[in-house]
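**Student:** These protein sequences, in sequence, are chains A and B.
Under my numbering, the first residue of the first sequence carries the number 1, and numbering increases by one thereafter.
Under my numbering, the first residue of the second sequence carries the number 1, and numbering increases by one thereafter.
Please keep in mind that the hints were generated in silico from the structure rather than gathered at the bench.
Even for Gly, the Cβ is constructed at its ideal location relative to N, Cα and C.
Some hints here could point you the wrong way.
Straight-line Cα separation of at most 25 Å, DSS-like style, residue types lysine-lysine; simulated pairs [to be verified]:
{"no.": "1", "chain 1": "B", "residue 1": "K100", "chain 2": "B", "residue 2": "K24"}
{"no.": "2", "chain 1": "B", "residue 1": "K24", "chain 2": "A", "residue 2": "K70"}
{"no.": "3", "chain 1": "A", "residue 1": "K28", "chain 2": "B", "residue 2": "K100"}
{"no.": "4", "chain 1": "A", "residue 1": "K26", "chain 2": "B", "residue 2": "K24"}
{"no.": "5", "chain 1": "A", "residue 1": "K13", "chain 2": "A", "residue 2": "K80"}
{"no.": "6", "chain 1": "A", "residue 1": "K28", "chain 2": "B", "residue 2": "K24"}
{"no.": "7", "chain 1": "B", "residue 1": "K100", "chain 2": "A", "residue 2": "K26"}
What follows is a set of in silico ranges between Cβ atoms, one per label pair, in the way DEER data are often shown [to be verified]:
{"no.": "8", "chain 1": "A", "residue 1": "L95", "chain 2": "B", "residue 2": "T30", "range": "18 to 26 Å"}
{"no.": "9", "chain 1": "B", "residue 1": "Q20", "chain 2": "A", "residue 2": "H5", "range": "16 to 24 Å"}
{"no.": "10", "chain 1": "A", "residue 1": "A10", "chain 2": "B", "residue 2": "W83", "range": "25 to 33 Å"}
{"no.": "11", "chain 1": "B", "residue 1": "S72", "chain 2": "A", "residue 2": "G27", "range": "32 to 40 Å"}
{"no.": "12", "chain 1": "B", "residue 1": "T30", "chain 2": "A", "residue 2": "K13", "range": "41 to 49 Å"}
{"no.": "13", "chain 1": "B", "residue 1": "V60", "chain 2": "A", "residue 2": "G27", "range": "16 to 24 Å"}
{"no.": "14", "chain 1": "A", "residue 1": "T52", "chain 2": "B", "residue 2": "S14", "range": "45 to 53 Å"}
{"no.": "15", "chain 1": "A", "residue 1": "P104", "chain 2": "B", "residue 2": "N61", "range": "15 to 23 Å"}
{"no.": "16", "chain 1": "B", "residue 1": "E15", "chain 2": "A", "residue 2": "S17", "range": "27 to 35 Å"}
{"no.": "17", "chain 1": "A", "residue 1": "K26", "chain 2": "B", "residue 2": "V60", "range": "18 to 26 Å"}
{"no.": "18", "chain 1": "B", "residue 1": "E15", "chain 2": "A", "residue 2": "S77", "range": "26 to 34 Å"}
{"no.": "19", "chain 1": "A", "residue 1": "L95", "chain 2": "B", "residue 2": "A17", "range": "34 to 42 Å"}
{"no.": "20", "chain 1": "B", "residue 1": "A1", "chain 2": "A", "residue 2": "Q55", "range": "20 to 28 Å"}
Chain B regions said to be covered by chain A (calculated; three or more residues, Cβ under 8 Å) [to be verified]:
{"no.": "21", "region": "50-64"}
{"no.": "22", "region": "99-112"}
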Amino acid sequence: AQTIHQWPVAEIKAVGSPLSLGCTIKGKSSPNLYWYWQATGGTLQQLFYSITVGQVESVVQLNLSASRPKDDQFILSTEKLLLSHSGFYLCAWSLDLVEQYFGPGTRLTVL
Amino acid sequence: AQSVTQPDARVTVSEGASLQLRCKYSYSGTPYLFWYVQYPRQGLQLLLKYYSGDPVVQGVNGFEAEFIKSNSSFHLRKASVHWSDSAVYFCAVSSSNTNKVVFGTGTRLQVLP
Numbered sequence: 001a002q003t004i005h006q007w008p009v010a011e012i013k014a015v016g017s018p019l020s021l022g023c024t025i026k027g028k029s030s031p032n033l034y035w036y037w038q039a040t041g042g043t044l045q046q047l048f049y050s051i052t053v054g055q056v057e058s059v060v061q062l063n064l065s066a067s068r069p070k071d072d073q074f075i076l077s078t079e080k081l082l083l084s085h086s087g088f089y090l091c092a093w094s095l096d097l098v099e100q101y102f103g104p105g106t107r108l109t110v111l
Numbered sequence: 001a002q003s004v005t006q007p008d009a010r011v012t013v014s015e016g017a018s019l020q021l022r023c024k025y026s027y028s029g030t031p032y033l034f035w036y037v038q039y040p041r042q043g044l045q046l047l048l049k050y051y052s053g054d055p056v057v058q059g060v061n062g063f064e065a066e067f068i069k070s071n072s073s074f075h076l077r078k079a080s081v082h083w084s085d086s087a088v089y090f091c092a093v094s095s096s097n098t099n100k101v102v103f104g105t106g107t108r109l110q111v112l113p
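So that you can see chain A by itself, here it is in the shape it has in the complex (with noise of 0.2 Å):
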């Protein structure tokens, strides 16, 4: 069966320092990933997708990089964080380009 784990679980960072949130997925080959990003109380803004290893693309950056080193690992970074970058940020892999399946989340907390 496949599973998706997320890591750190939660992070309280301060502004200006970097961020890196790591995913990966188990039990599924060539995966599409995703990343998105959950304003407390929000809905799910899209942020990245990537379809294969090396290859990412971008919906809306929010001053976000993310990078998919391996077929199964998706990183979301950032050298300076805003106070404007907490919230809820969620993974995601699909086979089908269509049906999504999420993984626990990491909290983010900007002070």
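We have chain A already, so just place chain B on it with the hints.
**Tutor:** Okay, now just chain B, sitting in the frame of chain A:
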């Protein structure tokens, strides 16, 4: 451009009552439609999906939704809600030729015991 409207930010019903959560979408092509549920501090879980065929689709835990093309709607229904159905419900739209998914703003459902 794709868009999804969930006009009700909050819905409160009593346990055992029927439920309808509204969703209207805007999409120029053939849409793929989804309902997801999010429990507190968790990721999203897929409830049901519509690609084509029978416009009434069945999902998990007794949920169903009906695709009405003429009305651009995909409302979620349940005949009898349980207190454990309390959560936030998101409607979403996509298509087969894009990796972009657009979510609605969500409807927070509170089921009173």
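**Student:** Taking the hints in turn, state whether each one holds.
**Tutor:** So, going through the hints one by one against the coordinates:
1. Restraint check for B:K100 and B:K24: the C-alpha separation of about 18 Å stays at or below 25 Å, so the hint holds.
2. Distance check on the hinted pair: B:K24 and A:K70 sit about 38 Å apart at the alpha-carbon level, beyond 25 Å; violated.
3. In summary, the hint linking A:K28 to B:K100 is supported, as the alpha carbons are separated by about 21 Å, within the 25 Å threshold.
4. The suggested pairing of A:K26 with B:K24 is violated, with an alpha-carbon distance near 35 Å, which exceeds 25 Å.
5. For a cut-off of 25 Å, the pair hint linking A:K13 to A:K80 stands: about 10 Å separates their Cα positions.
6. This hinted pair does not check out: A:K28 and B:K24 have alpha carbons roughly 33 Å apart, beyond 25 Å.
7. Note on B:K100 and A:K26: the hinted pairing holds, with a Cα-Cα distance of about 23 Å set against a maximum of 25 Å.
8. At about 20 Å, the beta-carbon gap between A:L95 and B:T30 stays in the expected band of 18 to 26 Å.
9. At roughly 35 Å, the beta carbons of B:Q20 and A:H5 sit outside the given window of 16 to 24 Å.
10. For A:A10 and B:W83, the hinted distance range of 25 to 33 Å is satisfied, since their beta carbons lie about 27 Å from each other.
11. Look at B:S72 against A:G27: about 36 Å separates their beta carbons, and that is inside 32 to 40 Å.
12. Here the CB-CB span from B:T30 to A:K13 is close to 42 Å, well matched to the stated 41 to 49 Å.
13. Look at B:V60 against A:G27: about 21 Å separates their beta carbons, and that is inside 16 to 24 Å.
14. In this structure the hint that A:T52 and B:S14 lie 45 to 53 Å apart at CB holds, the actual value being about 49 Å.
15. In this structure the supplied range 15 to 23 Å holds for A:P104 paired with B:N61, their Cβ-Cβ distance being about 20 Å.
16. For the pair B:E15 and A:S17, the supplied restraint of 27 to 35 Å is violated, since their beta-carbon distance comes to about 46 Å.
17. Hint check: A:K26 to B:V60, Cβ distance near 23 Å, so the stated range 18 to 26 Å holds.
18. Between B:E15 and A:S77, the C-beta spacing of about 44 Å breaks the proposed range 26 to 34 Å.
19. For the pair A:L95 and B:A17, the beta carbons lie near 37 Å from each other, so the given range of 34 to 42 Å is met.
20. In this structure the supplied range 20 to 28 Å holds for B:A1 paired with A:Q55, their Cβ-Cβ distance being about 24 Å.
21. Under the rule that three or more residues need a Cβ within less than 8 Å of chain A, the assignment of the region 50-64 of chain B is violated, with 1 such residues.
22. Residues of the region 99-112 of chain B lying with their CB closer than 8 Å to a CB of chain A number 8, which satisfies the three-residue condition for coverage.
When held up to the earlier numbered hints, the structure conflicts with 2, 4, 6, 9, 16, 18, 21 and fits the remainder.
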